Structures are given as structure tokens and as C-alpha cells.
Amino acid sequence: MARLQRRFVFVALLCAACSVRGAGPWQDLADDGLHDPAGPGIGVLQQPGEALSVLPQDGAGNHVHWVKALRDGFITPRHALADEPPPAIDTTEIIMRDTSTLPFVRFPHRAHTEWLDCTICHDRLFERKVGTTPINMGAILQGKYCGVCHGAVAFPLTECNRCHSVRDVPVAKAAAPP
Amino acid sequence: MIRRCILLLAICAPAATPVRAEYGDVVINGYSEKAGVRPVIFPHWFHRIRFQCRVCHQELGIQMRAGSNEIDMAKISDGRFCGACHNGEVAWSAENCDLCHSARAGLKTGVRGGHKTLGPGEY
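So the protein lines, in turn, are chains A and B. Just so you know, we're using this note's numbering here: the first sequence kicks off at 8 and counts up by one. Just so you know, we're using this note's numbering here: the second sequence kicks off at 234 and counts up by one.
Treat the hints as calculated values from the structure; they're not laboratory data. Do not rely on the hints blindly, as some may be mistaken.
[Claimed, not checked] Pair ranges (Cβ atoms, derived):
#1 A:E134 with B:G269: 43 to 51 Å
#2 B:Q296 with A:A37: 27 to 35 Å
#3 A:V61 with B:G300: 31 to 39 Å
[To be verified] A partial selection of chain B residues facing chain A, derived with a Cβ cut-off under 8 Å:
#4 D258
#5 R281
#6 R287
Computed from a predicted model, the values in this text were never measured in an experiment. All C-beta atoms, glycine included, are put in the ideal place defined by N, C-alpha and C.
Go ahead and model the full structure; you've got the sequences and the hints to work with.
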């Protein structure tokens with residue numbers, strides 16, 4: 008019985024060990040396929056899981072809900088290196104309706120201007136007038152328009168309904184889901 | 234008992250996550266490997282906890298396309314790109330070669346990420 012118990016404890020420990028390694032969705036740097044496990048920096052660099060697991064969670068990308076992390080004060084990233092007044096936050100929202108059978112897209116200026124300057128988007132990526140930029144999903148998937156950031160650094164394009172979030176039925180009353 | 238162990242192991246097995254880089258990591262290898270040092274990894278997740286995008290992509294003028302900034306050590310020593318911060322004041326200095334030059338050999342310049350997207354246009 009004692010032997011069995013010991014074996015049980017061993018298995019339990021083994022499990023604990025593998026669930027700590029796999030704790031959350033973050034990969035250890037040494038086996039992320041990018042870092043050289045033999046490099047001298049590997050023991051010094053911070054593990055993503057250590058920093059990201061304490062922030063509001065999300066289902067994809069860094070598995071961090073960056074909008075919440077910023078707004079709820081979990082992080083306070085600097086807005087400038089120089090001594091500058093805080094940047095202007097724009098709160099206009101734009102609804103984009105050319106979405107075929109999917110819900111409309113809601114583009115919130117607020118979530119973007121909390122991180123980005125106007126000139127990063129205007130007028131290099133988008134015109135400053137609603138409906139004038141020929142945005143479409145094909146181009147986004149190729150890394151244009153919204154796809155410059157979403158799919159690279161901001162939450163990935165697999166999260167359809169974070170953009171396609173306005174549920175008013177966009178097309179004719181074809182069997183609309185409730 | 235053994236059966237219970239196997240069951241336990243089976244439950245634990247999926248905890249091992251597949252090999253993948255953290256979302257938004259940028260590999261920069263325009264010159265490094267040719268010059269005999271490891272390629273560079275720039276982690277967005279680490280920096281965006283400390284700086285808004287506008288600091289690097291507006292104030293410091295870093296273009297949003299991996300590799301397009303043609304960063305090299307001379308520019309970094311001049312206080313541009315990484316050198317605007319990795320100067321011993323805002324962050325540790327450029328003498329810590331191995332913290333930036335930390336990638337495996339053979340990796341190509343580009344943004345990496347998990348969750349099915351490998352970066353713009355790559356699925």
C-alpha cells in the first residue's frame with residue numbers, strides 16, 4: 008500500500024510539473040522555436056507567462072485583453088519618451104456595413120488612440136472620411152488596412168466577432184440567427 | 234492503481250503546448266547572421282507593457298514592416314531605433330549583445346505569432 012501511495016504521489020507530482028510548464032497558453036522561451044536554447048541570454052530574458060498571466064485574459068494572440076489591461080490600470084505604458092502632454096483620445100465610432108452576411112464592423116477610435124497617434128493611420132492607411140477607404144476582408148487577410156496590426160501585434164484575425172460586432176442583421180431577412 | 238495513473242497521465246498530456254513563438258515577436262535578420270551573430274528577437278509583448286505603440290512607431294519613426302527599417306549597430310550607437318532606449322538610461326545598454334541577439338540560426342526576418350496567424354498574409 009505504501010508503495011502504491013508513493014507511486015501515486017510520484018504521478019501527481021509529474022502531473023503538477025507538466026501543468027506548471029503548460030500553465031496558461033504561453034510557451035517557454037527555450038522551446039518557442041525562435042530563441043536559441045543554447046544562447047547566453049535565455050536564462051536572463053523574462054518568460055512571457057510570468058508577465059502576461061497576471062493581466063486580464065483573452066482567448067487569442069498574447070492571451071491578454073490589452074484594451075482592458077490598459078483601461079483598468081494593470082499596465083501604464085508611457086506615451087512618449089520626451090516630456091509631452093498626454094495625447095488626444097478620439098471617441099468616435101465608425102460602423103462599416105459592407106460585410107456580406109456577417110455582422111457590421113464597429114471601429115472604435117478610442118481603443119486605437121489610447122495606443123496610437125492619428126498619423127499612424129491617417130492618411131497613410133485610412134482616409135479621414137467615413138466610407139472612402141476601400142477596405143475589404145481579402146486585403147485585411149493580406150496584411151493591409153486593419154490587417155497591418157491585427158494578425159501581427161494587435162488581436163489576431165481569427166477573432167471575427169471582435170470586429171464584426173454589430174449584430175443588426177446586415178442583409179435581407181434571410182434566416183437571421185437569434 | 235496503474236489504470237488510475239494512466240488516466241491521470243492522459244489528462245495531463247494535453248497540458249503540453251505545441252511549439253510556437255509568442256504572438257507579435259519580430260525576428261530581425263537582415264545582417265546579423267551574415268555578420269556572424271545570432272539573429273535579433275524583438276518582443277512586442279514585453280515592450281507594449283511599458284510603451285504605447287506611438288512611442289516607437291511615431292516618436293522614433295519605426296516603420297510597421299519587419300525588416301524595413303534596416304537597423305544596424307551603427308544606427309543603434311547613434312541613439313536611433315533600439316538605441317533610443319537601450320543606451321543605459323531608459324533601458325540597459327547595447328553592450329548586452331546576447332539579450333537582443335538571441336534567436337536560432339536560420340530564421341528569416343518577419344513577425345511571428347501563435348494562434349493560427351503567422352503574421353499578415355500567412356495562415
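Status of each hint after checking the structure:
Taking 43 to 51 Å as the suggested C-beta distance range, the pair E134 of chain A and G269 of chain B conforms, at roughly 46 Å. Judged by the Cβ atoms, the range 27 to 35 Å given for Q296 of chain B and A37 of chain A holds: they are separated by roughly 31 Å. Checked against the given bound of 31 to 39 Å, the beta carbons of V61 of chain A and G300 of chain B, roughly 32 Å apart, stay inside it. A least Cβ separation of about 6 Å between D258 of chain B and chain A falls short of the 8 Å threshold, and the interface hint therefore holds.
Proximity of R281 of chain B to chain A holds as hinted, the smallest CB-CB distance being about 6 Å (cut-off 8 Å). Hint status for R287 of chain B relative to chain A: holds, with the closest Cβ pair at about 5 Å, below 8 Å.
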